[in-house]
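Asker: These are the residues of each chain, in order.
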Amino acid sequence: MQTTDLRDDHSTRTRDHRVTGVRDDRITEIVCDRLEIEPGEIAETDRFVEEHGADSLALIGVLAALEKEFRVTIDQNEMPRMAHLAGVRQVLAETAGW
Amino acid sequence: MNITAWSALSPYGHTAADFTTGVRQRRATAAPVPGAHGQLGCLVPLFEPRTALGRKGTRHMNRVTALAVTAVGAVLDHLDHTEGGGQRGLDTALVLGTTTGSVQSMTDFTRSSLTGERPYDVEPGVIPNSVMNCAAAQCAIRHRIQGPNTTLAAGRTAALLGLLYARRLLRAGRARSVLCGGAEEYTTARAWLEARSRAATPPPPAGAPRLPGEGPPPSAAAFALLGEGAAVLRLTPADMTTAAPPLATVLAVETRHTPEGTDPAATVRATVTEALARSGVAADDVWAATGTGLDPAETRALDALFSRQVCGQLPTLGLLLGDTGAASAALQLAAVVASAGQAPGGHAVITSVDGQGVAAAAVLRMGEGV
Amino acid sequence: MTSSSEGTPPAGSRPRRPDTSHPPSPLPSRPPRRPGGGPSDSRPSYPPGPPPVNSPASVPGGSPRALRRRPPRFSAGSSPTFPAGRPEPRRVVVTGLGALSSIGTGTADFTAGLRAGRSGVSPITAFDTAGFAHANGCQVPDFDPHRLLRRIDPAEYGRAAQFSAAAARMAVVDAGLSPGDLRRVRCQISVGTTDGESYDLDRITETHLHRGPSAVTAQAARRIPAARLGIAVARELGLADVEILTIGTACSAGNYSIGNGLDAIRQGDADFALCGGADAFCRKTFAAFYRLGTIAPDCCRPFDTRRQGILTGEGAGLLLLESLDSALARGARIYAEVLGYGLNCDAHHPVAPEEESVARCLQLALDDAGVKHEEVDLISAHGTGTRANDVTESRAVRRVYGDSPPRTISLKSMLGHTMGAASALGAIACSLAITHGFIPPTINHRTTDPECAVDCVPNQAVDADLRIVQNNGLAFGGNNAAVVLGRYEGREL
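So the protein sequences, as listed, match chains A, B and C. Sequence positions in the first sequence follow this note's numbering and run 1 to 98. Sequence positions in the second sequence follow this note's numbering and run 1 to 370. Sequence positions in the third sequence follow this note's numbering and run 1 to 493.
By construction, these hints were calculated from the structure, which means they are not laboratory data. Keep in mind that the hints are not guaranteed to be accurate.
[Said to hold, decoys possible] Simulated restraints, written as ranges between beta carbons of each label pair: (1) VAL72(A) with GLU375(C): 50 to 60 Å; (2) ASP33(A) with ALA112(C): 44 to 54 Å; (3) GLN25(B) with GLU29(A): 46 to 56 Å; (4) ASP80(B) with ALA116(C): 40 to 50 Å.
By construction, the Cβ of each residue, glycine as well, lies at the ideal position given by its N, Cα and C atoms.
In isolation and in its complexed conformation, chain A is listed as follows (with noise of 0.2 Å):
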């Protein structure tokens, strides 16, 4: 057996997720991989539609991997909110009561 080194292990990671910046992190990981693009390529307002041409099932999908990592639920009528990542910070803060 091979075996894992934990730190690289996804629930390790779901554990940290009260420390904000590795928070801030994993969000802009799960928007770029949604997006299929690299978290160097985007910026905080840079919208996901019009700059990074994510179509709706892209946007469902960001909220759906938001959902599954932070374990809550968005009201979908928050989604014209979330067009961009400080957006998307703000709503999932909210919704968290971060």
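Put chains B and C on the given structure of chain A with help from the hints.
Answerer: Just chains B and C now, with coordinates in the frame of chain A:
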């Protein structure tokens, strides 16, 4: 209605040339399925959606969709080369055969709903994959095919029934040309479901009424290996001039269903006889006859109608490529077209049965100038 | 027990022609099918026969369509057209309806449901809904396959195939025919579906998960191939000389199937066509729409300012089509004439409809029917009740119809979204609306969204003289299909 271009992704390889060579060599393709504990299957070698189609938009693409998109793309690329642009857009229809879409995508999706922390913790990106028209729709999106876009769920007979459907579209003027074919993927879910449906069933209690064709299928089918692939034929009206001479002309297509209490071989015989009659071709004038090779009744019917030589002109693909499901009849048609040079102007009969009582047959006249 | 009229022709023989010594009703003899492709492909031979009985000249108020039937789009030198001396293909009419739905099963019950604006909503029982914040749907209550099916063993078929076979049998009976009548001629079956047997496949997945792979029976596994939705119809009716298609073009598949049936009869490929769609409620689709945020918490409110999405539904709609000549010869009741249809594909997005392309499809259907938009009296919209669909669709309607489109209703307010059955049940509802002179309402309606701005006939059915009706179907994958139906005015109903 003419066949004026074609493509095939098969266990022989990714290109029409690979397919032509494999058919000529009559090479069997069964090999251990990677990661499947010694299970044998006939897979399109080294095929992965991402490597075939690039990174963009393939993140969630399932295998059958990628096979179909690649096969349709190959035909269109060929046509761009030979006939220039204009092969996409509103005037082109796509008729694509399937069995059940992707059983893998469907069961994975439901499984994620059942095992997730919440029943809606499912991946939105794979939602289109769990619907049967996913492959045809992606072909349209990626290749800008805006005419009728039809998914025919007809299992092995799909491409032959697709010819009937395509002919209707052309006659009614609903498209100028039709891309018609079928695609099937090899996945563990499909392999498991196929094996499970052939599992021994306790016999019905004595005296219980049982409808023929509704019990377990004939045992011979239990030995069929599963294969995969995709093939697409470009169909144009008989009176439409194309850059290259037609590769083959579809003279007739027929289909029938096996009624209760009757011999499925008789259905195949009746279907072929009718197709020959409608095409005005005598059985003695048939150069090649080819079936799926996966159904004893079908094989019996062809043996009764045609000589051993006629039945042996072309390889029986099911014996070499396994049960390629909804791709099988499209691959059979492609094999006829690929072999047309052996008998220019000759006639070929292609049959298929779906294991559920449906039989279909087509009569083709092969092109003169190939 | 099966009656003697259900006898089966000998294997491999051509089906018997109508035996004039004991016909249940006068039927057309089996016309010679057109020769297959090749050179003959461009010279289709229509069955010989007298010209249409009700030519516009001979019948007061004749069909509006017959006056100006348009040629096929690509007729000029490219595609086979109809033979010289017979300027029109056969006219095609609807003579039998088989509806199986959450608001009523059978023609009378379904009609009453449409007129009353019945709601098919109930809490979902088809699967365990624990964990979903809301789970209403439109299920077919108390479906008993043993009561509706005569020949096939329901245990061998999934729920959707049971639906389609039951609806087909109802349509045949409704047309005043017996299965034996169909066996004597060439038939065409097209059953549209989104999910095929996903209800059964979901159950297999669940059994596999909880009780292991060996707990899944071979019988359960054999139900899954989607082709069985069409095959069940042929088996239930005992048909041999039949072309069977199951069309998996998602939520517009019902209209795709009706279009195929229309072309099959028009072109002489079949004497009777049974066409429509069927789908059964399943977890897979509910979870998908729920995840997309498109499941309404309580009910479906198409075109309403406060619409919140769809409710998934189930059911089947099968229509029996035949040529006008055939229907007149046997004195059949004619619900409506199928005037034409249009198909296209957005080729744009997997789930979001595209306005311009939808409009093009609606226009294709009108062109095929030879109808001008101002002649259309009613549109039965796809009308799912999602934010996106209703805006896009009503804008597409305006593109075609201008600023004063005809009344535009959504049956999904009553039936939920029955997927592959949706446009088939829509076509049945349109046929009934034409026949009985009323417009089914869009229920649950409070305030029309100005972005949609259609008269959706809120909450109460109204009486209306309907001559031409358009029935829309849109689908994931951008698969659009629209059918145009018209009143047959050749004789009193």
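Asker: Determine for every hint whether it applies to the structure shown.
Answerer: Evaluation of the provided hints:
1. VAL72(A) with GLU375(C): 50 to 60 Å: This hint holds: roughly 53 Å between Cβ atoms.
2. ASP33(A) with ALA112(C): 44 to 54 Å: holds, 53 Å
3. GLN25(B) with GLU29(A): 46 to 56 Å: Given a distance of about 50 Å, which is inside 46 to 56 Å, the answer is holds.
4. ASP80(B) with ALA116(C): 40 to 50 Å: violated, 57 Å
In terms of the numbered hints stated before, the structure departs from hint 4 and from no other.
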